[in-house]
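Participant: Residue numbers (our numbering), protein chains in the order written: chain A, 1 to 537; chain B, 538 to 753; chain C, 754 to 1066.
FYI, nobody ran anything at the bench for these hints, they're computed from the structure. Beta carbons: idealized from backbone N, C-alpha and C, even for Gly. Any given hint could turn out to be false.
Stated by the list, open to error - With a straight-line Cα cutoff of 16 Å, these simulated EDC-like cross-link-like pairs (lysine to aspartate or glutamate) come out: (1) Lys345/A <-> Asp805/C; (2) Lys856/C <-> Glu870/C; (3) Lys345/A <-> Glu807/C; (4) Lys856/C <-> Asp866/C.
Said to hold, decoys possible - Some, not all, of what chain A presents toward chain C, calculated at C-beta under 8 Å: (5) Thr44; (6) Val52; (7) Ala55; (8) Val57; (9) Leu59; (10) Glu72; (11) Val246; (12) Leu247; (13) Gly312; (14) Tyr316; (15) Val347; (16) Asp385; (17) Ala480; (18) Leu483.
Here are the chains, one letter per residue:
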Amino acid sequence: MRIPESTGSYARDNYLSQGRPGLRGWLLTHDHKRVAILYALAITGFFALGAVAAALVRLTLVQPDSQWISPETYDKSFTFHGIVMVWFFLIPSIPNTLGNFLLPLMIGARDVAFPRLNLFSWYLFMLGGLFTIATLLLGGVDTGWTFYTPFSTMFSNTHVIMAAAGVFVSGFASIVSGMNFIVTVHTMRAPGMRWFRLPLFVWAIYATSVVMMLATPVLAMTLLLIALERLAGVGIFDPALGGDPVLFQHFFWFYSHPAVYIMVLPAMGVTSELICCGVRRRVFGYRFMAWSMLGIAFIGFLVWGHHMFVAGQSMYASIAFSLLSFAVAVPSAIKVFNWLATMYKGVIDFHAPMLYALGFVGLFTLGGLTGLFLAAVALDVSLTDTYFVVAHFHYIMVGGAVMAYLGGIHFWWPKITGRLYSEPLARFAAILMFVGFNVTFFPQYVLGYLGMPRRYHDYPPPFQALNVVSSAGAAILAVAYLLPLWYLGRSLWRGASAGPNPWHATGLEWTTPSPPPHDNFPEPPVVERGPYDYRDP
Amino acid sequence: MSTPQPLAHAPQFDDPTQQRTAAVLGMWAFLVTEVLFFGVLFAGYAVCRWRFPDAFAAGSRHTDLPMGAIETGVLLASSCAAALALRDVQLGGRRAATRLLVLTAALGATFLVMHGFEYTDEYREGLVPGLRYTQDGPLAGKMEFFFYLYFAITGLHSVHVLVGVVLMLVMALRNARGRFRATYFTPVELAALYWHLVDIVWIFVFPLVYLVGRAG
Amino acid sequence: MSASSLPQASSYAPAVDHLFDAMLLLCGAVAIGVFAVMFAFCIRYRRGHAADREGGNTRLGVELAWTLVPFALFLGIFGWSIGLWAKLRTPPADSVPVYIVAKQWMWRVQHPDGTREIDTLHVPLGQPVRLVMISQDVVHSFYVPAFRVKQDVLPGRYTELWFTATRAGRFPLFCSEYCGVGHPSMRGSVVAMAPADYARWLHAQSSPGLAARGAELFRRFGCSGCHDPGSGVHAPDLRGLYGAPVPLSDGSVVRADDRYLHDSIVLPRSQVAAGYAPIMPSYQGRIGEEDILALIAYVKSLEVEGGQGHAHP
């Protein structure tokens, strides 16, 4: 058996050819698959914008006192990078593209529960994006993506309200999608698709949706309060009147820590699918995997205070948050060990999606373990707000979430487009990305340990060597990110037809033609077995 | 009503029951997010009141208790009307339901008008942070927090009431046109659920804003 | 290993480094384990390679073992870290206070004897130093990598940080909480000196003393007009006030600590002492945080010098 192999012809009657033609057919579509494509195009654009901002930051840091962009521009660059990458790429990345496309297919439904809301979510997202781009065109914002008060409310002279409005509106897109996915999983499952027959990707999207729904309103309201405080010149976060800036940090991290799990839970779901197919085995400890996702979503709500160990919260609060932060590592560790155990006695194919999945497991492990350094309060005191933290969360978000996103895109590309891409190029890109990523971010752990603080455009000269290495790695990473654009794009015209199931994978989405028809399944599916029923060996 | 036509349902659903389950679950999910929206403001209120109890008590004494009490009554009555309207639709009624839905909307509008009067009075007294705040005295500074939160909470709530009024009028119109019947009443049910949430939020706002400084 | 790259210059640093090294060892072992197993499986079970592939099901015991054993180890780390943390949060009784006022974008330092410096903090070796810090504008963070300590500096509220310098030298001080465009220029240094050198340095600065400066400010800002024992205005007597319980007009009782005194100056009407009319004007915006610190030092000194400090009503 060769994997991937063409298993049939390109399905002529598919969601791309059916339905209303032309631009109107796309912009007014109710088809979850088309909405997924709309989201994918949008977030690719935002990723490019965020990457340009990151490039500015990395180029500046090549020299300790680089003057080639002004300090103001540097501050606006890292702020823009953070806002765009967090809210306009990472948060919607897997849930709104792969999730939107695959969730109904995986549970055997014709669409999500509320197709119109689904499209509405995209418009909200684009409106939020428009505000964010308007912020950039007006001159940017310099508060950092964290909007800490009172800097953001009383001191910054940049376009804080516009930037907050962008995030606020896109937050509603997130809430609407989360609600939609939850209702879809609850009510739209095909006959026989019991809860514990759901693929882990569906569990991941479900857990993510719960977090999206419960955490995002808190962020939206908090940003509203920031805008109100700037407009009214008075507010509960303003210390000049006796208000409490730390209260803002509590509200902010109450959202923004769970937001990390919005980014990484779907990545775990994707990785589970990729690994099971790559090793052709049933996932090890299916129920543990499913419950650990819900566990992460739940405990994830209780650890926000670990961002504030040195912010002046009480000693006992810090102790509790530290303990809970160690506890949230348990379900994450279960996942890593179970992925490894799944490989045991498997038949492993090293196709591109599997390489991405292995990359995810490795980088997520490193990111997670360094997270434990930060969960230990005594170490966090010296490491927080340094490059150690920057490296840590980039391992989770770029090494983890972005790797998994790209792995998922490669894995389901034949399903989405009906075409096969160039496997050798894809493998090369995956390996290059892994190398480039580590060269970029591993030195930052060391920089942080040595005490280099975040958000410095001008730093003591002894830190230069490691910064140069990091910037060089970023250049490799940039090439690795551009490659898929090329060979995936090319496959649309030149790629061989994939047929329904080029990976010989299990899962309902592989039982329907590629690309799937408008109604997803020619015959309504009936489920008789659990997921990952690989019988290859 | 001679020949009941087969119930329509959206193409993504298998049958009307599935559609109704999905719609109701979706509404509950939405209500949960609403609770969290208000939750932030209530948490902010709790923290500030815990830190400045006197100023909050003093601020509360500036609010209009009789108005607030009448508004509470109006909202409770409107919720009752909404519940009766739903019951009437479920039992196959049409005329009474339309009237009850209009009554709900009217009571909601009354609430908004009364609140408008309150806001006007507070503006005259100089109690609006950021616009016209002319208080003086030992607690004036911290009292500003109270009024900041007061306007944030009641403002957000009033926006919700406004949406609800429009929603109720739409439901009344659709009911008058015979869109609902004993076997299909989901939109009315969802609108009523929303209206009850708006009412419940107010049940929390009323003691926090109007009563808190008047105890003991 | 870690000592070679970053100096250990405080009594706290070696303890933190031990914990760091232990953590590195433990996490390193887990990471190497994960990668080794991954590589081993990748090689052994690659397609086309003959290997025993029979059996191998989910086992609860295995699952629990690899979950709970590392968790127990990491709980040990948690306990260790909490011990250190508690130490970091409880300054020894003999620590000497030094006052830090942060503003965009500089560190202003005041020693108890009134010596002031900017962006540099001189400390004697072997002497626990307790920093009492406040910000005049946004959130900053006081970070000395060589000491392994960091504490956010908040507006409107004092935060504390203590350390004992153990190695002489000049160590970088960073602001580590983003505070605006000058954030990276908010750097300075901590100079640790042998006690004798420190005494000589302090002597050379020859300042009048923080409390003495406070006394001067007490008159200049007109505080003495009301708060002097001989004044005709009905205002609280400040002698012996520091550390004493103060009954407030709302019936509650607070302790007259740094925070209370600070708030009484900038927000006098928020906590009015029982039996007094709320007539004191706010000094918010009229008096800098450094001067407030001097005034507090003066009020503190009244307790010592006054001797006859009376119990408060």
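Participant: Does the closest beta carbon of chain C sit nearer than 8 Å to the beta carbon of glutamate 72/A?
Facilitator: Cβ of glutamate 72/A sits 6 Å from chain C, so the hint holds.
Participant: Regarding the hint that leucine 59/A lies at the interface with chain C, is the smallest CB-CB distance below 8 Å?
Facilitator: Since chain C brings no Cβ nearer than about 16 Å to leucine 59/A, farther than 8 Å, the hint is violated.
Participant: What's the verdict on lysine 345/A and aspartate 805/C, does the C-alpha distance respect the 16 Å limit or exceed it?
Facilitator: Distance of about 7 Å is within 16 Å: holds.
Participant: Hey, lysine 856/C versus aspartate 866/C, does the alpha-carbon distance stay inside 16 Å?
Facilitator: 22 Å, violated
Participant: Holds or violated: alanine 480/A as interface residue toward chain C, Cβ cutoff 8 Å?
Facilitator: 21 Å, violated
Participant: Min Cβ distance, threonine 44/A to chain C: is it shorter than 8 Å?
Facilitator: 29 Å, violated
Participant: Does the interface hint hold: is tyrosine 316/A within less than 8 Å of chain C, judged Cβ to Cβ?
Facilitator: 10 Å, violated
Participant: Holds or violated: is the Cβ of leucine 247/A closer than 8 Å to a Cβ in chain C?
Facilitator: 11 Å, violated
Participant: Does glutamate 807/C sit within 16 Å of lysine 345/A, going by the straight-line distance between their CA atoms?
Facilitator: Holds. Lysine 345/A to glutamate 807/C sits at ~7 Å (cutoff 16 Å).
Participant: Given valine 52/A as an interface hint, is the shortest Cβ-Cβ distance to chain C below 8 Å?
Facilitator: 21 Å, violated
Participant: Just to be careful: measuring from the Cβ of valine 246/A to every Cβ in chain C, is the smallest value less than 8 Å?
Facilitator: Given a least distance of 7 Å, the restraint on valine 246/A holds.
Participant: When the nearest CB of chain C is found for alanine 55/A, is that gap smaller than 8 Å?
Facilitator: Alanine 55/A check fails; min Cβ-Cβ to chain C is 20 Å, beyond 8 Å.
In the structure shown, a violation is registered for the earlier hints numbered 4, 5, 6, 7, 8, 9, 12, 14, 17, 18, in ascending order.
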